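A.B. asks: Per the numbering used here, the sequence shown starts with residue 9, numbered consecutively.
Quick caveat, the hints were computed from the structure, so don't treat them as lab data.
What you are looking at is a predicted structure, and each value in this text was computed from that prediction instead of being measured.
Glycine included, every Cβ here is placed at the ideal spot set by N, Cα and C.
Heads up, a few of these hints could be off.
[Unchecked claim] Listed next, the in silico BS3-like pairs over lysine-lysine satisfying Cα-Cα at most 27 Å (straight line):
1) 79 with 204
2) 172 with 157
3) 45 with 172
[What the hints assert, rightly or not] Computed Cβ-Cβ distance ranges for the label pairs, DEER-style:
4) 287 with 218: 30 to 40 Å
5) 219 with 281: 36 to 46 Å
6) 88 with 239: 41 to 51 Å
7) 31 with 128: 45 to 55 Å
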Amino acid sequence: MIRLSAFADEISPDLHEQIAVLQSENIHAIDLRSVDKINVLDLSDQQVQTIKRTLTDAGIVVAAIGSPIGKVPIDSSFEEHLARFDRSITVARALDTRYIRIFSFYPPTKAGSGTSDPASYREQVISNLREMTRRAREADVQLIHENEKDIYGDTIARNVDLLKNINDVHFRSVLDPANYLQCDQRPYPDAYEATKPWLEYVHVKDVRADSSMAVAGEGESNWPAILQRLRSDGYNGYIALEPHLAAAGQYQGFSGPDLFRRASQALQTLLRDMDWSYA
Numbered sequence: 009m010i011r012l013s014a015f016a017d018e019i020s021p022d023l024h025e026q027i028a029v030l031q032s033e034n035i036h037a038i039d040l041r042s043v044d045k046i047n048v049l050d051l052s053d054q055q056v057q058t059i060k061r062t063l064t065d066a067g068i069v070v071a072a073i074g075s076p077i078g079k080v081p082i083d084s085s086f087e088e089h090l091a092r093f094d095r096s097i098t099v100a101r102a103l104d105t106r107y108i109r110i111f112s113f114y115p116p117t118k119a120g121s122g123t124s125d126p127a128s129y130r131e132q133v134i135s136n137l138r139e140m141t142r143r144a145r146e147a148d149v150q151l152i153h154e155n156e157k158d159i160y161g162d163t164i165a166r167n168v169d170l171l172k173n174i175n176d177v178h179f180r181s182v183l184d185p186a187n188y189l190q191c192d193q194r195p196y197p198d199a200y201e202a203t204k205p206w207l208e209y210v211h212v213k214d215v216r217a218d219s220s221m222a223v224a225g226e227g228e229s230n231w232p233a234i235l236q237r238l239r240s241d242g243y244n245g246y247i248a249l250e251p252h253l254a255a256a257g258q259y260q261g262f263s264g265p266d267l268f269r270r271a272s273q274a275l276q277t278l279l280r281d282m283d284w285s286y287a
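Please put together the full structure from these sequences, using the hints given.
C.D. replies: Pasting the structure below:
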C-alpha cells in the first residue's frame, strides 16, 4: 500500500498549523524540510527532539528529511558540505527515518571552469556522491536523488548516468515529473521508463504548458497515467505532495493552507478514482 506524505512547510512555517492541515487531509507522514523558517539541518538537537515528540503525539511520522544536500556549486568546499551531510544523517536517525533527499550539485562558479558543459564536472559530481553514498551505507540510511532543474542530474540522461555509475542500493531515485517538464524532458513514459530500476520515492506537483504550477492532473505531467503505471509495477512507497502553488524558490516552495488542501484533494481524488488504496 502506498503512503501519502507532504512537504508540510508548504502549508505554513508553524509546525502546529502544518499538523492541523495534515490531519484534516488524513495525511500521516511528513517530509521535514523546515520549521519556523529554519532548515531541517539547522535545527538544534533540542528542536529536533521537540519536533519529533510533537509529531509523534499527533500520529505523524517523518517519511524523509527534505535536506538541501547537493544544492551547492560543485567547486565549493566539499569538506564543509560533508560536515553538513553528516548532520543530515544525525537528524534522520533522531527522527526515525531512513530517507534523506539530496541533489547532485550546481555547475561550478569559478570563471573558465567549464560551467556551460556538464561533462566538465561530471567526474567530481560522481566522486562526491560516491563518498556520500559510502557514508550513507555505513549509517544504513537511504539517499534519494531529486531531479531538480539546474543540478547535474536534472535531465533523464544525466540522472541515469549518476544512478548507473553510483550503482548502490543506498543511492536511489526520486521521480518528480514536474521537474522534468521544467527541463524540457518528458516525464512519462520517458523519464519513468529510464529511471524505473532505481525508483524509490515520488514527489507530486504539476506544471502547465505556460510554466505555471498546477495541482496533479491539471498540468502536463500526465499524473493519471503515471499513477496507473506505478500501481501496475507494484510501487508501495511514499508519494509526497510538494505543490509549489503560491511560490517556488531555490530551497523551498510555498502553497499556504487552502492551496495545499486543493493539491491534496486533487491527488486523493485521482487515487480514489482508480481505486488505489493508500494510507
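A.B. asks: With reference to the structure, classify each hint as holding or not holding.
C.D. replies: These are the hints, each one checked on the structure:
no., hint, verdict
1, 79 with 204, "24 Å, holds"
2, 172 with 157, "20 Å, holds"
3, 45 with 172, "36 Å, violated"
4, 287 with 218: 30 to 40 Å, "35 Å, holds"
5, 219 with 281: 36 to 46 Å, "27 Å, violated"
6, 88 with 239: 41 to 51 Å, "42 Å, holds"
7, 31 with 128: 45 to 55 Å, "49 Å, holds"
Hint compliance for this structure: hints 3, 5 are not met, and every other hint is.
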